[in-house]
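Keeping their order, the protein sequence lines are chains A and B. One point on numbering: in the numbering used here, the residue at position 204 of the first sequence is 204, and numbering is uninterrupted. One point on numbering: in the numbering used here, the residue at position 78 of the second sequence is 78, and numbering is uninterrupted.
Just so you know, the hints here were simulated from the structure itself, not pulled from any lab data. Careful: at least some of the hints might be erroneous.
To be verified - Chain B is nowhere near these chain A residues, computed Cβ spacing over 12 angstroms in every case:
id : residue
1  : F5
2  : L11
3  : W63
4  : L93
Said to hold, decoys possible - Partial chain A-side listing against chain B, Cβ under 10 angstroms, derived:
id : residue
5  : I153
6  : E158
7  : L162
8  : N173
9  : Y175
10 : F176
11 : T180
12 : A198
13 : T271
14 : P302
15 : I308
For every residue, glycine included, the Cβ atom is placed at its ideal position computed from N, Cα and C.
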Amino acid sequence: MLKLFLRRVALTLPTFVALMFVTFVAVRLVPGDPIEVRTGERGISPERLAQFRHELGLDRPIWQQFLDYANGLLHGDFGVSIVTKTPVLNEFLILFPATLELAFCALVFAIVLGIPAGVLAAVKRGSIFDHTVMTAALAGYSMPIFWWGLLLIMFMSEYLGLTPVSGRMDLINYYFEPVTGFMLIDSLLSDQEGAFGAAVAHLILPSIVLGTIPLAVIARMTRSSMLEVLGEDYVRTARAKGLSPLRVVGLHALRNALIPVVTVIGLQTGTLLAGAVLTETIFAWPGVGKWLIESISRRDYPALQGGIMLISGIVILVNLIVDLLYVAINPRIRHGG
Amino acid sequence: MAGDSMAGDNMREGPAFDPAAIAMVETVPPEVSSLRAFWSAFSENRGAVLGLMVVAFIALLAIFAPWVAPHSPVEQFRQFVQQPPVWAGGSWQFPFGTDAVGRDVLSRLIYGARISLGIGLSVMVVSVALGIVLGLASAFMRGVVEVVVMRIMDVVVAIPSLVLAILVVAVLGPSLANTIIAVTVVYLPRYVRLVRAAAIAELSKEYVVAAQVAGVGKLRLMFVTVLPNCLAPLIVQAALGISDAILEAAALGFLGLGAQPPTPEWGAMLADSREFIRSAPWIVTLPGLAILVTVVAINLMGDGLRDALDPKLRRS
């Protein structure tokens, strides 16, 4: 099994190298010379230009530039933002907890609703409940989530006045230094009354919006996986032994049905991070998705390059971990070698 | 023809040994050939038929937009700014109301169908064509070609879809044509992977070996012998791919990175509408509803196609 693990890990290495290559090439294709961006419209003397080019390493052969870039990445150097003049990695690390918190809550929302809905739909196959869940899942799966977000704001915030319209925190009433970067934890640590409630209130709508597509995917997957397992011999045996239906479904069937569901949940990372771009834009959520969009409009290409590299690297890593977990929890692969 | 010399050696087998004829006979794909069987399987699924009807309706609206739409999609009726729709106290002159600069929402939605369906179809056609070429090439040539193509596809998959589309648009600049390119890049890997996997599975089958023995040329083997047998899953993926492309393009439009104003693209319409959540909710509601209905209908149709064409996936 260790061999299998190592092979999976080794297989992702070329992907990382190729990812570096893609981001490297993409930024060289982007309109706007990095030197022009630095010097502005006025232009500079040829000597200064040569000096700049030398400083930035642009006078060296292209393959050497790529090696430098790759070397920098391996040492945690993701470039420096043109706009804020701070290292891209630092900006990213400050904003990432906000995205992580949002994505985590969205995933919890999707799992807590999706798995029971899928199990019930499978058990009561063909019932009204089943049809409702499947129709809702189809709608969720087809949802333009940016519109869904606007609808929820319109109804929940504007019409009912239940939730805040945007942001992570009620900054007029509460202020505290970020400790962990996670608002739910920081607000508790701050000991300010109502701060935690405000953090939760700000999280509700964005989590629902971001969790909608994963919810639909998880519900569908749970249902079909459950249906498959319910037809297996060992479930029939368990029933024939006279075990209670709850025990059969909850213990014997669900445990096996969840294996593919866990994989699907893991593979939602990419969906969540892509969805975060839209969700954060709608709710003015100060995370990496919104930052990425803003860096385009500011023409901050190092930020864009570093951000894409970091986000994609995270997705590759999480997918690898999911892959390894799948190997670890699936007895067929585990024992088969 | 490559088989000529061999045919000379096998003269005793008579005229029956014609490589081309054998290849023809062997390559008739079983699923696609019986259209009637397909339709009876497809029409069993009520959701799929409903989806097909809705898609057909929207497609007709899109094709005949200049005749169906009551107004021009870009003409601004300055004296009728933010008119509510007819069910909310508006007039029949603008059945779905007008937007913030007095453009007829219904007309913009109808013309928007052209753009959204156009993007969906273009992305689908281009990525299926490229997917077939790259997928077959990596299945048949293996070696370096396969490694390079599949590694590139791995990278494309690793970058979250919308982030990749944003990167492509950042390189090329925001426009409708670049939206199509960006979304094509995003969805190419699934077609390449699917064609490659299906082709590799087919390659070990006897009819392919027979065709090879008969001396069928490589290109013919790829496109005439093997490809038709990979079509069923490809058609299903292509149908579902249209709806994904529409969603992705609308998201780009919403972020201001897709179609530029005053193009009546549904996503871009939503982006413009954000400030009017309070004052003119129909400007927000209707374009999103149009996207949702279109995507749901295409997905329903795609599910029906899958059940009818791909019996392996038909379960539950």
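With a cut-off of 10 angstroms, does the beta carbon of Y175 of chain A approach a beta carbon of chain B closely enough for the hint to hold?
violated, 28 angstroms
So, T180 of chain A near chain B? Judge it on the closest CB pair being under 10 angstroms.
violated, 25 angstroms
Hint validation: I308 of chain A versus chain B, beta carbon distance must be below 10 angstroms. Holds or violated?
holds, 6 angstroms
Status of the hint placing T271 of chain A at chain B (closest C-beta pair under 10 angstroms):
holds, 7 angstroms
Is the hint on E158 of chain A kept, meaning its closest Cβ partner in chain B is under 10 angstroms away?
holds, 6 angstroms
Does the nearest C-beta of chain B fall within a distance shorter than 10 angstroms of the C-beta of F176 of chain A?
violated, 30 angstroms
Distal placement of W63 of chain A relative to chain B, Cβ over 12 angstroms:
holds, 17 angstroms
Distance rule for L11 of chain A, whose beta carbon must clear each one in chain B by more than 12 angstroms
It is violated; L11 of chain A is separated from chain B by about 9 angstroms at its closest Cβ, not greater than 12 angstroms.
Could you check that no beta carbon of chain B comes within 12 angstroms of the beta carbon of F5 of chain A?
Holds, since 18 angstroms exceeds 12 angstroms.
Per-residue hint verdict: P302 of chain A, partner chain B, C-beta under 10 angstroms:
At about 12 angstroms, which exceeds the 10 angstroms cut-off, the nearest Cβ of chain B leaves the hint on P302 of chain A violated.
Is the nearest Cβ of chain B still more than 12 angstroms from the Cβ of L93 of chain A?
holds, 18 angstroms
For the restraint on N173 of chain A, tell me whether the closest CB of chain B is nearer than 10 angstroms.
violated, 23 angstroms
The structure does not agree with the numbered hints 2, 7, 8, 9, 10, 11, 12, 14 stated previously, though it agrees with the rest.
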